[in-house]
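Enquirer: Chain by chain, the residues run as shown.
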Amino acid sequence: MSRFLKFWDSDFAWGFRRSPVAVVSFVVTLILILSAVFAPLLAVMNPFDPASLNLMNGFTAPGTPNAFTGDSFLMGTDDQGRDVYSTILYGLRISLFVGFAAVTLGLVLGVTLGLIAGYFGGWTDTIIMRIADIQLTFPSILVAMLIFGVAKGFTPVEYRDQLAIWVLILSIGLSDWVQFARVVRGATMVEKGKEYVQAAKLIGRGSLPIMIRHILPNVLSPVLVIATISLALAIIAEATLSFLGVGAPPTQPSLGTLIRIGQGFLFSGEWWILFFPSVTLLALALSVNLLGDWLRDALNPKLR
Amino acid sequence: MISYLIRRVLQSVLVLLVVGLIAFAMFNFIGDPIDNMLGQERTQEDVDRLKAQLGLDQPFVVQYLRFLASALQGNLGVSYEQGRPVAQILAERAPATLELAAVSGLFALVAGIVLGVFTAIRRNGLAANAIMTFSLIGVSLPTFLIGILLIYLFSVELDWLPSFGRGDTVDVGGWSTGFLTTSGLRALILPAITLGLYQMTLIMRLVRAEMLEVIRADYVRFARARGLSERVVLFRHALKNTLVPVITITGLQLGSLIAFAIITESVFQWPGMGLLFINAIQFVDIPVMAAYLMLISVMFVGINLVVDLLYVAIDPRLRT
Amino acid sequence: MKTFMTVSMLALGVAASAQAEEFSWAGKTDPQTMDPHAVNSAPVLGFLNNVYEGLVRRGKDMSVEPALATSWEPIGDGEGWRFFLREGVTFHDGSTFDAEDVRFSYERASSEQSDTRSWFAPVKDLVVVDDMTVDILTNAPNPIFPDSIANWMIMDKGWAEANDTQRPDKENGNYATLNANGTGAFMLTDRQPGLSTSLAPFGGWWDTAEHNITKATYTPIDNSATAVAALLSGDVDMINPVPIQDAARVDARDGTTVVRGIEARVIMLGFGHDRDTLKYTSMAGEANPFLDVRVREAVAKAINVDAILQTIMRGSAEAASQLVSPAMNGYSDANNARPAYDPEGAKALLAAAGYADGFSFGLKCPNNRYLNDEAVCQAVTGMLAQIGITAELDAMPVQNYWPELRADNFDMYMLGWSPGTFDHEHPVRFLVTTPNPEKKLGSWNFGGFSNGRVDTLLPMIQSEIDATKRQAMIDEVVDIYQDEHAYVPLYVQPLVWGMQDNIELTQRPDNFFILRWVTVN
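Chains as they are written, first to last, in the numbering used here: chain A, 3 to 306; chain B, 886 to 1205; chain C, 5 to 525.
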């Protein structure tokens, strides 16, 4: 408890409390994450269970009873008769999972490679940075298709639905690592030349401990900022991949898949199929972005 | 310097070769071109004959080496879908993409700098905060949705701007340009905004951050102390110093503008290379996909190379 | 008067701002070539029907009518057909049409390099009798031959030789890939592959023009939402298709109209008949449940086609009982009922077959080939779940789909079939007959359905001249495939075209857009 109080009193927390934008976006993010985690409790149906769907409920408008079945839905239903509200909760789960997992992958990979490249320099650096060039050349959609194609050959069909999720994580994570690596590499090169690192080297410390104990803590601020922005980007990237047909399957849709399906109904009058998932995605990405923004300013010593 | 240059160019060539190898390895997984090329009444015999004819019965490494061999002689192959030389098709499509990327880049640069300066000067103002927040909407929705919403609003509901395509183009020495006709210019507006929105937000934030730092810098304080007017201080001294990183970033982003025009082009049916690539994926048109990827790689690697060399030219300490 | 002018200009919308007779339309894909013999695909043949013509052509109701041939008659006792050619026909470049052009076009269209070669499999030879008469000799009596060549288009021999395009070249392309010289109502004026193609009326056309178009431009628009926006904003005069969900809105909107029809294409589900075990299942190693006809019947009864038609297809499609639609030649009126929706009956059938606890299997679907294909498969998955069997749905783009089916990677799959000859014999030959690569039979029968009686009946149907006897044999085949539940026919795919109110056109069931029936008011 005292730890919490200490944090509460810190400059960082004080700055946070004084920024209404930060507080609001933090609260929105938290609510969305909690609704995703507790989706099974909050949802009125499980949209991933095909046996629970009644096709005749399809295209029910929000709040008005269906003409055939008399059922009523808060945010209406989609073309399969799925409750949009429940589907969003479950879709949020997938989007957040993909986002967090992809960023974690990109972060671990990028920080590790960046540290190594920056610390050792020379050929190691050259090879890692040229791999980064190759990575940048491939749009993430192609990475996704490549991994999807290769993975498909090895996975039995009953795991295919989950497969799509892992392919998304892998392809978004892989296109993410480069920026982590670049920032960490740059910072590492700067830190490497400083006296305390030279001193640690002199007293015979190994490379790994130096990297982890001395250099890593000094590059964490920019990494945290990039990670936050990347989370928003990853969630959007997942939606874009959906549009190109390599996203989460429609039987287990993410927010991006829901928007892809919903955009087909933009002109037909069933606005709710597109509107509610889009607003949810916007709220999520916007609040994460705003948090990242605030974090960037808060962690930048020059702007204090 | 010369040896660094040679080493760096050799590395770039190696990168290109690896990109090509990876590209050919994955074509097998994108699908099978044969079904698109032969009709409903094809037989297994036809399938085998065509496969052998196109060399698709060979391992991907062999296919790649063949592609390289003819690419080195300036022959990028013949499109499976159109039955025409790929180089010719790319040359026809390049102007559309380059013009779109240029206009988007310009839009991002101008709007980004203006808004960036404004939000930096009025750091805590209501309008500045509103702009900062709204600009994030542009990066908080997927591009395809933004494009479709813009079409819905400006073409269907308001009927102000065309919904798709490039409008009328004029041929100037083999380059088809949309800059010279009203319909061509009108057609550029929505796709350019869709494509440039993300970069605009990026540049705006960068300019704002740089400005905020520069404003506190000693020489700006000194200029102020000398009694120079606020306008002169801001624009002659502060803004000038923020422009170097902004222009570097814009240069780097130009490559990704072209590469990621894929989505914008397919939403607006913009007849550029990105749309060509999307169609090529659907048709499994391997020669077109290979040529496009190599082109994008050359561009990215080239831009990277130039940026690296420039840094070296500026800072001799990096020449190790 | 001035006020009146303004009002009518407004009512005409964008068409008024351009010249009234210029017409622009958009579809999903670009015709990949202008060569009528290079590929056998609907976008190409449909487009080129405006530029090239055959000996016969199809009218507004799909009936065969004279075109470059004025009449035809059988030769002897089913040895072939004699065609009398039309006098005074010229090609777009001014050269005269005669029997040598027909002979040349036969050689070109049936050559090794041509995809349309299979149309001429029944043909032994083509003999030029005189300048205006040709005999087409067949291997066996072939009553439906004139019906099967409406898409065989005639090219000028001299033009082809002068431009070195005596054979189609799909892989590398040649002059005819980008240029055209037909006898049809429209000439090709501008061709930009993948972007736009323009046509102008041919002044020297032999028939009387019904249209009033001065220039027509086609643009492919891949994204459906963009295509609808283009129509609604008046940027194009007509789009095909309108996404089914948008049809009502487009129709209700001022200035735009929707024309609906029933296409020739039947959407169905197929089974893996020829394997002992399921490919994708939790009960590995056990017998393939679909080998049991009761299980196949249960699937047919479990699917509520009416619900699919009412919601996903928005009432625009018709349920199907057979592999062809009622508009096709040889449709079996005697077998026009499809199994009623009966989930309880389906469960009982499953229990009788020993699958009371259900089973799981792999269902393959395309997601960009047929109208709302993926949504329909999703709905099928839900309906099968309600009788206790679990379909693991795997939907993919069509470029991955056919290779997957050919590699036998499915337990059940979705297929759409449009009979190229508009005859019931076509799907029987491709989908129901035992696969036999040498005889080119059953080449799309992925599931390997096999029935000896059907195999016996097919050649008899192909050569039977007497229409009543022929229909009786077709009825027997339908009986067999319905009783065996070889496929589960779902519905006939609808045609939904959208256009500006000032356009009049005719919609043909083969989804070919015929420009010469278009009027711009």
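Derived from the structure by calculation, the hints contain no laboratory data.
It is possible that part of the hints are untrue.
[Unchecked claim] Taking lysine-lysine and the BS3-like style, the derived pairs with C-alpha atoms no more than 30 Å apart in a straight line are:
| # | chain 1 | residue 1 | chain 2 | residue 2 |
| --- | --- | --- | --- | --- |
| 1 | C | Lys128 | C | Lys283 |
| 2 | C | Lys64 | B | Lys936 |
| 3 | C | Lys283 | C | Lys32 |
| 4 | C | Lys351 | C | Lys128 |
| 5 | C | Lys128 | B | Lys936 |
| 6 | C | Lys473 | C | Lys443 |
| 7 | B | Lys936 | C | Lys219 |
| 8 | C | Lys64 | C | Lys219 |
| 9 | B | Lys936 | C | Lys351 |
| 10 | B | Lys936 | C | Lys473 |
| 11 | C | Lys32 | C | Lys219 |
| 12 | C | Lys64 | C | Lys32 |
| 13 | C | Lys128 | C | Lys443 |
| 14 | C | Lys444 | C | Lys473 |
| 15 | C | Lys444 | C | Lys128 |
[Unchecked claim] Which residues of chain A face chain C? A few of them, derived with a C-beta cut under 8 Å, are:
| # | residue |
| --- | --- |
| 16 | Pro52 |
| 17 | Gly60 |
| 18 | Phe61 |
| 19 | Ala63 |
| 20 | Ile118 |
| 21 | Phe122 |
Just so you know, these numbers come straight off a predicted model, no measurement behind them.
Ideal Cβ positions, reconstructed from N, Cα and C, are used throughout, including at glycine.
Enquirer: Each hint needs a verdict: does it hold in this structure or not?
Expert: Here is how each hint holds up against the structure:
no.	hint	in the structure
1	C:Lys128 - C:Lys283	43 Å, violated
2	C:Lys64 - B:Lys936	39 Å, violated
3	C:Lys283 - C:Lys32	34 Å, violated
4	C:Lys351 - C:Lys128	53 Å, violated
5	C:Lys128 - B:Lys936	29 Å, holds
6	C:Lys473 - C:Lys443	24 Å, holds
7	B:Lys936 - C:Lys219	40 Å, violated
8	C:Lys64 - C:Lys219	22 Å, holds
9	B:Lys936 - C:Lys351	46 Å, violated
10	B:Lys936 - C:Lys473	43 Å, violated
11	C:Lys32 - C:Lys219	21 Å, holds
12	C:Lys64 - C:Lys32	23 Å, holds
13	C:Lys128 - C:Lys443	16 Å, holds
14	C:Lys444 - C:Lys473	25 Å, holds
15	C:Lys444 - C:Lys128	17 Å, holds
16	Pro52	4 Å, holds
17	Gly60	4 Å, holds
18	Phe61	6 Å, holds
19	Ala63	14 Å, violated
20	Ile118	38 Å, violated
21	Phe122	43 Å, violated
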